[in-house]
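Enquirer: Residue numbers (the working numbering), protein chains in the order written: chain A, 1 to 377; chain B, 1 to 153; chain C, 1 to 161.
By construction, these hints were calculated from the structure, which means they are not laboratory data. Among the hints, erroneous ones may be present.
Simulated crosslink set (DSS-like; lysine-lysine; CA at most 27 Å straight-line) [said to hold, decoys possible]:
(1) A:K357 with B:K122
(2) B:K122 with C:K26
(3) B:K11 with B:K122
(4) A:K212 with B:K100
(5) B:K139 with A:K96
(6) A:K357 with B:K82
(7) B:K82 with A:K96
This structure is a prediction, so every number in the text was calculated from the model and none was measured.
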Amino acid sequence: MTTAEKTATQSEEVLEQVLTVNFGPQHPSTHGVLRVVARIRGEYLQDAEPDLGYLHRCFEKIAEGWTYPQIVPLTDRLDYLAAITNEWAYVLAVEKLLGLQVPERAEYIRVIVGELQRILSHLLWMGAYALDLGATTPFLYVFQERERLYDLMQLVTGARMTYNYLRIGGVKRDLPPEFFPLLEKALDNVLKVADEYQALVLENVIFQARTKGIGVLPPDLARQYAISGPMLRGSGVAWDLRRSEPYSVYDRFDFAVPTGQNGDCYDRAVCRVEEIRQSARIIRQAVAGLPAGEVRAKVPAAIRPPAGEVYTAIESPRGELGVYLVSDGGPQPYRLKWRAPSFVNLQVLPEIARGAKVADFIAILGSIDIILGEVDR
Amino acid sequence: MNLEAFLTEVKSRFPGASFEQAGQDWVLRVPAAEWEAVAGYLAGHGPRFDYLSSLTAVDRGDRLELVLHLRALAAGERLTVKTDLNREQPEVASVTGIWKTANWHEREVYDLFGVVFRGHPKLRRILLAEDFEGHPLRKDYVDPRRRKVEGQA
Amino acid sequence: MDLIHAPFVPGVIQTTVDQVINWSRKSSLWYMLYGIACCSIEMMATGASRYDFDRFGLIYRGSPRQSDLMLVTGNVNLKMAKVLKQLYDQMAEPKWVIAVGSCAVSGGPFRGSYNMVDGVDQVVPVDVYLPGCPPRPEALLDAVLKLQRKIMRPQRQGVAS
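Okay, chain A solo, but in the shape it has when bound (with noise of 0.2 Å):
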């Protein structure tokens, strides 16, 4: 034999063993510190576990700790992405278990910040997401009008990401008034982008090759993985808890919810974009109908809830957050358990990835959008 034949020997014989590979918990594509274990044979995916933990903060046990408005700052920390969301689920619980009437203004007001974060956070996703399949321009792109984005949040909050903004009983402060003309600027170019985005890397035949029939998730599949947001209406799902379970002002306003119909990675990414261009409509209606009056509610100075407990749930930009909270009638909650959308979500890529190609497992990873902080809280 040959050295040549035995070196195609030896590569054949290679190709036919199954590896397990490392993948992060620092890779660049993880969008974080997710770990996957791999086991790949030749260049197929045979199964890809992930390893959760890197990120895993204590959250729940140090709210039992806190007082209920303190809680409000650290509830930023866990999806910092969306905070105002983050925030907006925790205000709600607590508001229901208060039996607390919310002023409307202070409604349409978290209506109008909580959809400029959902903008955001997808224009990010839409950045690193072109990034992960090798395009870096776009990024570049979003993080220009991101940065203009948040310019406008730190307007009205003070802060550019972790805002702590929202309050028990409404938020922290009113719309200052140069903060109207400049959103209205703001949203005609992040529409621009959105169009922009759709021309040069959604209709790209090279994306849409990367993306399109790549880590199929069917509709029952989502369902009884329990997957929400974007990645379930990718699956042709039109739940949307704005729409299903209205919370806070959602019924008023007129908004399409955008569903995909193969439930691939390019559907996924069409959805998002999408979102972008309705999360802009219902800016434009709140701002239209945004009423008189007071935004914070009479709160007395220490908050106890009665004794007794609530799950709420909103529509933040990964999916169902849910809150579930646990009164004992003291200043701090007994018990707070967050229903993280990306933790659910990043269950079922095991599924969608077996079978995939190496080189897809990245797209597919990234199509599901997940945030470490709120992964492992």
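Guided by the hints, dock chains B and C onto chain A, whose structure is given.
Expert: Same frame as chain A, now just chains B and C:
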């Protein structure tokens, strides 16, 4: 069929169960021995609770309470199901066979509360390291690293 | 031991060589792409169009073996601490660490809880501490400038502002 009628039917089938309305939500309490059977029944009958939003536990001091939050996507119904577990040796049948999503939720409850789920395909710690000792979300958990400085702060 | 931690016996020519070496080091700080938590989003923002890390010679690398600078952008827990140490060990000398954000500096709001390492300096040596939750991109740039100043004057203790 409304939810109350369905829950009455569940109660007639599983005599140990009881239900009540708390606010807008319905809460069904079942004995731990019937946990899996009731769950299977809820998933396949009446409004069909096919969507498990969350599975978690609460340490009530004298017992561990296991809590399911269910949805029926088509009917738009919501239901909370609870059972009480012995605090010393908490053990219950796994519901991963009914809702696949229960897998990680149960691992998390095992990790942070120490509840053992019989029949779970891979019951291992999920958030904490394998060599971590104790179950920190229990109320009586003491961090061994902090015990020394207790009382100083 | 590298040149920075053990400089030559001072002499006119040698100090000048030191200066040149340090200047080249500080001008091409390649940082490891290692985003842990919230602060990593601000790190990405600093690398992107408005703030532009590249102006300071900072380019991200995916692998620790090609990096000079580790930005610890988030809290380190017991499970992560082992990985962090391993990554630090894989980086080639000379190497620097910036603890970005309150969590990396001291544990931040999560300080003292059951799974946390209160401050990354318990695991790896830290050159610049940058508080903030998360620090703004301007602050991150300032921390990098402070580190560059420190690289230029290794014999000085602390950093002159």
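Enquirer: For each hint given before, does the structure comply? Return the numbers of the non-compliant ones in rising order.
Expert: Checked against the structure, the hints that fail are numbers 2, 3, 6, while the rest are satisfied.
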